[in-house]
Amino acid sequence: MRKIGRFLLGYAIYIVLFVLLTTIVLIDNSFLSFRNFGFILSQASTRIILALGIAGIIVAGNTDLSLGRSVGLAAIVVCSLLQNPAYSGRIYSSMPQLPLWIPLLAAMLICAFFSVIQSLVVGVLKVAPFIASLGFQLMLFGIQSIYFDTVNNSSPIGGLDPAFSRFAQGAFNVAGVRLPYLVIYAATTTAFVWFVWNKTKLGKNMFAIGGNSEAASVSGVSIVKNLAAVYFIAGLLYGFGGALEGARTGSATNMTGQSYELDAIAACVVGGVSMRGGIGSIIGVITGVLIFQVINYGLVFIGVNPYIQYTIKGFIIILAVSIDTQKYLKKK
Amino acid sequence: MEITGLCKAFPGVQALDNARLSLRSGSIHALMGENGAGKSTMMKCLFGIYRKDRGEILFEGKPVSFQNPREALDSGVSMVHQELNQVSQRSVMENIWLGRFPGAGILVNERKMYGDTKKILENIGLSIDPKEKIENLSVSQRQMAEIARAISYNAKVIVLDEPTSSLTETEVEHLFEVIRLLRDKGCGIVYISHKMEEILAVSDEVTVMRDGRWVETAPAGALTTDKIISLIVGRELLNRFPKKENVPAEEVLLKVENLRGAYQPAVLDASFELHRGEILGIVGLMGSRRTEMVETIFGMRKKESGDIYVKGKKVNISSAKQAIGLGLSLVTEERRQTGIFDMLSVTFNTIIANLDAYCRFGVLNDAEINKDTDGIIQRLRIKTPSRKTKIQNLSGGNQQKVIIGRWLLTQSDIVMMDEPTRGIDVGSKYEIYQLINDLAKNGKAVLFVSSEMPEVLGLSDRILVMSGGRVAGVIDARGATQEEIMRLAAKYL
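Protein chains in written order, with our numbering: chain H, 1 to 332; chain G, 1 to 493.
Quick caveat, the hints were computed from the structure, so don't treat them as lab data. Incorrect hints may have been included.
[What the hints assert, rightly or not] Each pair of labels, with its calculated beta carbon distance range:
| id | chain 1 | residue 1 | chain 2 | residue 2 | range |
| --- | --- | --- | --- | --- | --- |
| 1 | H | V224 | G | E216 | 48 to 56 Å |
| 2 | G | G287 | H | Q258 | 35 to 43 Å |
| 3 | G | C359 | H | P99 | 50 to 58 Å |
| 4 | H | F195 | G | N68 | 45 to 53 Å |
A virtual CB, placed ideally from N, CA and C, is assigned to each residue, including glycine.
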């Protein structure tokens with residue numbers, strides 16, 4: 001009995017998700033099509049990049065509610081700088097056409113800058129990460145809204161440079177199979193973050209800080225510096241993901257990215273990254289995002305009322321976190 | 001109370017194998033054994049924290065099977081844990097009656113609670129105000145409050161788990177008086193401890209466990225320290241301390257002058273020298289701020305004034321990272337809090353302070369990491385299924401060895417250890433002593449803080465005695481007596 005109980009506890013989240021998926025397929029079995037999975041994979045790609053960013057922060061024992069607004073800021077900045085020169089509503093109408101990488105890098109650095117400041121608020125001023133990131137969420141929203149309002153009078157920034165659109169929407173054609181660029185970016189990012197987590201000092205230090213920050217400090221790990229580095233990488237990834245979101249959806253507003261942090265955090269937790277810190281794996285994060293995205297897309301696909309979708313997602317998040325907590329309680 | 005044939009298996013380990021214990025009312029029964037011998041597991045089965053696989057527990061002649069500690073408490077079986085679980089911001093009486101405040105309906109009868117608490121406290125000779133907040137009490141008073149709580153449940157069986165590990169000698173005496181008082185009132189007391197002298201002084205009967213099995217139960221009068229040790233380890237331990245082979249050199253590796261910490265509780269005035277190849281024992285009563293001193297040297301606490309010289313050079317240490325860079329290391333006192341990363345592997349715990357050594361162009365070399373970890377596991381004879389095992393699954397002694405291994409890897413010249421053998425079984429203790437000896441023999445300087453006098457006398461070259469935050473004296477360990485040390489320890493009280 002106990003064994004079964006432990007098994008159920010360990011896999012409860014997957015069981016629930018499996019039931020949900022089965023229901024979706026039963027309602028509309030055309031869901032299981034190759035095309036749909038192509039969609040899901042490209043949609044999941046930016047989510048993977050974002051989740052990998054926040055996963056490091058969670059493993060280091062913190063959390064970040066400002067992710068979504070970072071994404072929005074990056075999208076607005078990049079889109080405003082990469083509009084089609086032929087587009088009549090172009091914001092910077094006299095600006096020469098920029099190469100892709102300049103606005104992209106700028107957006108990534110802007111997001112990284114805010115993330116690092118946030119890490120200092122958490123690491124030096126010892127403000128609880130929840131509160132610090134909530135504050136940054138509001139500030140980032142304010143800042144991007146001012147910019148959005150000033151440059152484009154609060155109308156969506158569209159008319160993107162075709163090269164930029166292609167950057168996110170394009171695909172390779174490998175032996176008749178369409179392989180979106182986005183998937184390549186996600187895979188490259190995954191490899192990069194895996195390397196940082198598993199093969200560098202920063203990775204080990206991140207786990208140490210999340211696992212036991214006092215012991216880490218006694219062992220000579222600088223909490224402030226390492227946290228700053230973890231947040232810096234997260235910021236870069238938010239910026240990258242935000243730019244891709246802008247290009248993928250074709251426009252940006254100050255609502256772009258709103259509440260993405262919840263999806264990202266939920267995906268991490270579903271993938272076994274503990275909110276207590278010190279525990280998590282890259283493969284877990286990827287699995288979490290994919291599972292979550294399948295459910296997300298599936299619910300839309302079968303036409304579930306968006307409000308019910310919210311309810312289901314909220315339930316999954318609470319379920320995942322409570323299971324995480326229960327596992328910890330068992331061990332005490 | 002009678003426990004027979006108790007079995008409990010965890011994945012991969014038979015934690016209890018036909019364990020038994022028979023406790024007569026009105027007696028003090030000592031339960032001994034190495035860490036991992038199954039004492040705590042047996043108690044956890046008794047209190048329903050673990051479910052037993054097999055076996056029977058008879059309480060007052062009737063078989064019982066408590067589902068949780070609360071049920072055990074209600075039946076009169078209580079436990080005072082080594083780590084006290086109290087609500088420190090609340091008063092003594094609220095802690096004692098927590099969960100069953102006297103009163104009607106939703107109202108609490110403060111006066112009755114106060115009176116009842118006062119009566120219990122007086123009974124055990126404790127003169128503290130029931131309204132005092134727990135956080136304002138000393139460790140021993142907090143422990144007494146726990147015992148008072150057990151009494152308030154009319155406990156017939158009280159289990160004390162390592163109650164004296166952080167008490168001074170007078171406090172230990174008081175505790176013993178209280179325990180004897182309870183015995184004379186007919187309580188059965190299970191006393192878990194590693195300290196031989198105490199066991200022989202206070203207990204009526206002794207049960208020794210090893211590897212989850214019952215080994216022997218005998219009247220305390222028929223036992224000696226050596227006999228108990230041989231029962232515990234299962235072999236004759238000829239010496240409690242390894243032969244000293246280190247030769248202190250002239251060279252001073254660490255010099256501390258008039259060190260004073262910035263924040264209370266702080267070291268007030270400490271000066272001493274530590275030589276290459278020397279073992280310096282640091283003793284003092286609770287509150288003599290030995291831990292504060294070593295933590296200030298290591299940069300974990302802010303220094304207000306005073307100078308520290310490492311190898312003759314004046315240094316300014318403001319973080320552990322700097323201290324490590326200068327060749328210092330510190331095995332901290334609170335293993336759980338500031339030592340181990342409990343959810344992470346043995347490997348991780350071993351190499352975390354030494355990452356620079358494995359780093360080439362920013363990339364960590366896993367092969368070297370694994371080689372070093374295996375080396376430490378072998379050298380320190382750490383008992384672990386593999387280097388990937390989570391450290392929380394190891395016994396306390398083995399966890400401590402991993403932490404010592406962590407600092408061996410950094411190759412520091414000045415090794416500081418704060419209570420390195422606290423809560424560790426006899427066998428592991430001996431191995432840690434041997435290790436300290438080897439370190440000194442190989443030209444390191446070792447400084448260790450300990451509350452166990454025989455250990456300090458048996459291991460050190462010189463002994464530094466602290467009293468009230470100051471160095472009361474540094475004496476040669478040869479020919480030093482406990483009386484002399486105690487006199488120094490009381491110098492600034």
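Is 50 to 58 Å respected by the C-beta to C-beta distance linking G/C359 and H/P99?
violated (35 Å)
C-beta pair H/V224, G/E216: status relative to the range 48 to 56 Å that was hinted:
Check passed, 55 Å falls within 48 to 56 Å.
Within 35 to 43 Å or not, the Cβ separation of G/G287 and H/Q258?
With Cβ atoms ~55 Å apart, the hint is violated.
Status of the given 45 to 53 Å range, CB of G/N68 versus CB of H/F195
With a Cβ separation near 47 Å, H/F195 and G/N68 satisfy 45 to 53 Å, so the hint holds.
Consistency note: the structure conflicts with the earlier hints numbered 2, 3.
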